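**Q** Given chain A, put chain B in place with the hints provided.
Residues per chain are reported as follows:
Protein chains: 2
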Amino acid sequence: MVRGGGRLGGLSFTIIHVGKPKAPFVRSGIEHYEKKIKPLASLKFKTVREEPLRKGVTLKEVHRREAERLRKVRDDRTVRVVLDEKGDPLGSEALAALLEKWMIRGRSRLAFLVGGPSGLAPEIREEADLVLSLSPMTFSHELALLVLMEQLYRALAVLNGLPYPR
Amino acid sequence: MVRGGGRLGGLSFTIIHVGKPKAPFVRSGIEHYEKKIKPLASLKFKTVREEPLRKGVTLKEVHRREAERLRKVRDDRTVRVVLDEKGDPLGSEALAALLEKWMIRGRSRLAFLVGGPSGLAPEIREEADLVLSLSPMTFSHELALLVLMEQLYRALAVLNGLPYPR
Chain A
186 MVRGGGRLGG LSFTIIHVGK PKAPFVRSGI EHYEKKIKPL ASLKFKTVRE
236 EPLRKGVTLK EVHRREAERL RKVRDDRTVR VVLDEKGDPL GSEALAALLE
286 KWMIRGRSRL AFLVGGPSGL APEIREEADL VLSLSPMTFS HELALLVLME
336 QLYRALAVLN GLPYPR
Chain B
186 MVRGGGRLGG LSFTIIHVGK PKAPFVRSGI EHYEKKIKPL ASLKFKTVRE
236 EPLRKGVTLK EVHRREAERL RKVRDDRTVR VVLDEKGDPL GSEALAALLE
286 KWMIRGRSRL AFLVGGPSGL APEIREEADL VLSLSPMTFS HELALLVLME
336 QLYRALAVLN GLPYPR
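Chains as they are written, first to last, in the working numbering: chain A, 186 to 351; chain B, 186 to 351.
Hints listed in this document are in silico derivations from the structure and should not be mistaken for laboratory results. Do not rely on the hints blindly, as some may be mistaken.
Note: identical chains are not told apart, hence a pair may lie in one copy or across any two.
[Unchecked claim] Heads up, simulated SDA-like pairs for lysine to any residue below, C-alpha to C-alpha not over 20 Å straight-line:
(1) Lys257 <-> Gly241
(2) Lys221 <-> Thr323
(3) Lys220 <-> Pro209
(4) Lys205 <-> His217
(5) Lys220 <-> Pro206
Given the structure is predicted, the values throughout are model-derived calculations rather than measurements.
In isolation and in its complexed conformation, chain A is listed as follows (with noise of 0.2 Å):
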């Protein structure tokens, strides 16, 4: 492992998703792990407006006009990992290890996206450098954006030789 992100000019992590997270808890978590992450790595949010599923909108146009605001704040110079629970299952060390690889490669800056309540548009996934699946399991994703942001600062202590979050 490569100790020190810092050495290799370090990772920059955007995480981008639809809809601003609601539950306070989901917000405070959110707070928790930038504290933790912001020593380690550059981290910013970007937050596209949800469309909402309302009555006469098919979850398709609601999914083609949520992916034209997502690829309007993409940036091309980014590693795109999409969240998707049928996604590639990854453990913990394993999606550490493929950060580093990125890194070593020079490709430090990773986009992070998260769909919101109605998910995302099958061309956002097709898109993706990685589809990433966090669980078997379905989960709201507001809990999916607290795991995420978990999983980065997991993989951060990691890479940094710091004591193995438990």
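**A** Chain B in isolation, oriented as in the chain A frame:
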């Protein structure tokens, strides 16, 4: 699906964990799901004291002491589910179906055991009816508790014909 757990007497969950959750966001997240679960099922918590992993005490000894405490609060009439990342992976729908199966067979009292920072003794896993993995990823034990509660609420929503939480 059997709609309305009430007709079968309902499910009764006891969440047994080693050590009290410390992070404020976890404590408020637990309350968040508690409010959602309580109208649909009985829910209790039991905490056993965590044995600190200090110098001169082996992990095996920590496990042994914690296992003793866990056995004391355990109820012999309950189905025992132990959480462990190396356990059986189940999707959310599969978990709901399993709870329903147990309920139909009159096994409606379930205990969920969540280890502390030192994990659980192998014997505790061996004595379980089900060793459940929430994810191939490692979650901190506090986050695991939160994810478990979301999954219990999700299963109850399915079994009660409520809109699927997104």
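**Q** List, from low to high, the hint numbers that the structure doesn't satisfy.
**A** Per hint list: single violation, 1.
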